[in-house]
Amino acid sequence: FFFSRSKFSGDRAMRLTVVLVLAACAAQQGFAAECHGKPSPDAKPNLNPILDGPLTFVSSVKNAKLYTTGSGDDVLPIVHLWGTPYEMGFAHGSLRNETARALVNNVWAYLEAQAESAINGTVHNLKPWFVKLLAELGLDGALEATLDATAPYTGKYFNEEIQGMADATGLPAKKIQHIHMIGELTQGDCSMFGAWGNATIATGGNMLQLRALDWDVDGPFKNYPQITVYHPTSDYGHAFANIGWTGWIGSITGFSSVGLSISEIGVAFPDATFGQESRFGTPFTYVLRDILQFDDTLASAESRLRDAARTCNLILGVGSAGNYASQEFRGVEYSHSTCNFYTDYNNMPEASWHPRMENVVYYGMDWMCPGYSLPLYQQLTKYHGNITAQNTIRDVTAIVQTGDLHIAIYDLIHQMVYVANARRDGASGPAMAYDRSFNVLHTYTLWSMIPPSEF
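Residue 275 in this note's numbering is what sits at position 275 of the sequence shown, and the numbering runs on without skipping anything.
What the hints contain is simulated information worked out from the structure, not anything from laboratory work.
You may find that some hints are simply not true.
[Said to hold, decoys possible] Keeping only pairs whose Cα atoms sit at most 30 Å apart, straight-line, the calculated DSS-like set for lysine-lysine is: (1) K62 x K132; (2) K132 x K174; (3) K174 x K127; (4) K127 x K156; (5) K127 x K38; (6) K127 x K62; (7) K156 x K175; (8) K382 x K38; (9) K174 x K156; (10) K175 x K44; (11) K382 x K44; (12) K174 x K62; (13) K62 x K175.
[Unchecked claim] Label pairs and their calculated CB-CB ranges: (14) P451 x K382: 41 to 47 Å; (15) D218 x T297: 35 to 41 Å; (16) T203 x S59: 34 to 40 Å; (17) V217 x K382: 24 to 30 Å; (18) T68 x Q415: 16 to 22 Å; (19) N105 x V217: 18 to 24 Å; (20) C339 x E454: 28 to 34 Å; (21) G371 x M416: 37 to 43 Å.
Owing to the predicted nature of the structure, the values given are computational and were not obtained by experimental measurement.
No residue lacks a Cβ here, since even glycine has one placed at the ideal position from N, Cα and C.
From just these sequences and the hints, can you work out the full model?
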């Protein structure tokens, strides 16, 4: 039963069971607990060199180019895609065929292992509602149920891009769709900040934003890092960059050619202000990608989030640095029933371990998380007035020990983004991204790239 293919898509009785299980899961929410982790008192600054070398051309196919940046075990692939959603998906799968297949198949194997651990009652990374769904439907059925619950709210262009990738790689489109549900199913702890004005006055008061992804470094993701730069046709938005993995089309980290950038934290320890979650709505990785691809201003991003069919509990961050006059950051308390926007003067939760700070919005690892929020506050206070990418790399993320899988620091006014990834299997050096060398991306070189002409 556990690994059998679900037949519920054509079975009305099973579909009703899915609806009832998902609805019951959405109602099960507790509050008032806190996370209990904290960084090691022996954490050391990150003194590794920041890698700022040229892009190296590797290969191209129709509608796609592959470059790399960095060196040694910190080489980072950069893929450029042009065209319609289907064309970009097909080009992505054609250019990165073997790597895309490996990512999808290894994420599937990872989900199977996580599901087996959940059923056996051992350590796993899945959300409680999904574990209940596994018990009812098995892995395939639980993933199909989640996909079915989100399908009415998913833009068709996502499925068109997935179909293009499927046609190029030979992977089943359904399998690619299933792995893109993983953000809704798993639990991650992450951190973020947005700093501007007096907090960054030493570099002109520019907006600086952190996105630190703390997820499962024992999973497959660390082996397939990739920056994917989309150059869609004009009826599908504007250029943007996805910081993620080969074959991954949702957004959890990224920035756009109009100066918007995103951060995200999964919330395992909410308070009562979050209200209810839902399994029915738009996957948050697709909502965030829509911000990068279609929104031109912070106000339009806020409207999108407010109007979205929201699902799970999250803290989101959206930064705007399109020009010197409109540098802003919003922290977002996000759930099915709540969408609250915060800046420095009203940042929540307000607590002794999460004090407000002039021209800074910050969150450490979760909503109710004193053990990380206070150290993050202390490191930001130490550099207030001189919060820079370099100080963040050396003495914020490394000391707070946040960003184990990957980190992005957006300095879009200066057209620079700093990226680090966890150690790949077989590589040398520190395991965690926050202890490794960062690569610098110069955004003007990304947006000005021209498509291949030889096809």
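Broken hints, by number: 1, 6, 10, 20, 21
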